[in-house]
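Engineer: Residues per chain are reported as follows:
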Amino acid sequence: DAKTTQPPSMDCAEGRAANLPCNHSTISGNEYVYWYRQIHSQGPQYIIHGLKNNETNEMASLIITEDRKSSTLILPHATLRDTAVYYCIVRPRSNTGNQFYFGTGTSLTVIP
Amino acid sequence: GAVVSQHPSRVICKSGTSVKIECRSLDFQATTMFWYRQFPKQSLMLMATSNEGSKATYEQGVEKDKFLINHASLTLSTLTVTSAHPEDSSFYICSASGTGGMVYGYTFGSGTRLTVV
Chain A
20 DAKTTQPPSM DCAEGRAANL PCNHSTISGN EYVYWYRQIH SQGPQYIIHG LKNNETNEMA
80 SLIITEDRKS STLILPHATL RDTAVYYCIV RPRSNTGNQF YFGTGTSLTV IP
Chain B
25 GAVVSQHPSR VICKSGTSVK IECRSLDFQA TTMFWYRQFP KQSLMLMATS NEGSKATYEQ
85 GVEKDKFLIN HASLTLSTLT VTSAHPEDSS FYICSASGTG GMVYGYTFGS GTRLTVV
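If you're matching them up, the sequences are chains A and B in order.
The first sequence maps to residues 20 to 131 in the numbering used here.
The second sequence maps to residues 25 to 141 in the numbering used here.
Hints listed in this document are in silico derivations from the structure and should not be mistaken for laboratory results.
The structure displayed is predicted, hence computed values, not measured ones.
For every residue, glycine included, the Cβ atom is placed at its ideal position computed from N, Cα and C.
Heads up, a few of these hints could be off.
Stated by the list, open to error - Examples of chain B residues toward chain A, derived with CB under 8 Å:
(1) L50
(2) S113
(3) F132
As the list claims (entries may be wrong) - Derived lysine-lysine pairs resembling DSBU-like cross-links, with alpha carbons at most 30 Å apart:
(4) K88/B / K22/A
(5) K79/B / K44/B
(6) K65/B / K88/A
(7) K44/B / K88/B
(8) K65/B / K44/B
(9) K22/A / K65/B
(10) K90/B / K22/A
(11) K22/A / K79/B
(12) K22/A / K88/A
(13) K88/B / K38/B
(14) K71/A / K88/A
(15) K79/B / K90/B
Just chain A, with the same shape it has in the complex:
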């Protein structure tokens, strides 16, 4: 089962930063936070992941709170092509394959 909670939808003005929150209050010590996004009728696309330190790559930044119970994905300058459903996933502890369980995600709409 998904261990994350996200707002169902958000809007963001084009060119502005999009801040997508995620709660994962039951995260375990060795579990990472992953972010994926899914553009309509496509497979999910990896964005970023982190354990406890903030991370940044060419797509986004990930801010994880000190207690690791929540995180925020930041798209610094949102474009229309960033309109998608964004999934925050906590990788479960498993001996049989470390499955990804998707929650409901946040549908981000970037407005011109």
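With chain A fixed as given, assemble chain B onto it according to the hints.
Structural biologist: Leaving out everything else, chain B in the frame of chain A:
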């Protein structure tokens, strides 16, 4: 790197027939592959996990005799929807993890839109 190719992208079949969907890792060895199903306006639901050379592990509520999964090689997994019915119409997505090209998380295929008429 870490590309997963999924075919076909769309398929329409008659009720009662079987459909096979292929998932290939192009530049890495996929020791584990995952199959998901996604209904309109819903999230991805994990159906099963398959390890190369082993029987697939199905999630609760997924019929293993209806959704046959074969992972006979390190680069190919197939999902066969047997005796398909209209309620099996959905978006099926595979993902893979393994060695060689995988660095971050898992790579997903582009999905297969199955319509059963």
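Engineer: Now look at each hint and say whether the structure bears it out.
Structural biologist: Do the hints match the structure? See the list:
1. L50: violated, 14 Å
2. S113: violated, 14 Å
3. F132: holds, 4 Å
4. K88/B / K22/A: Measuring from Cα to Cα gives roughly 26 Å; hence the hint holds.
5. K79/B / K44/B: holds, 17 Å
6. K65/B / K88/A: holds, 27 Å
7. K44/B / K88/B: holds, 14 Å
8. K65/B / K44/B: holds, 24 Å
9. K22/A / K65/B: Measuring from Cα to Cα gives roughly 20 Å; hence the hint holds.
10. K90/B / K22/A: Roughly 28 Å between the alpha carbons, so the hint for K90/B and K22/A holds.
11. K22/A / K79/B: Distance of about 27 Å is within 30 Å: holds.
12. K22/A / K88/A: Holds, at roughly 11 Å.
13. K88/B / K38/B: holds, 21 Å
14. K71/A / K88/A: holds, 10 Å
15. K79/B / K90/B: holds, 14 Å
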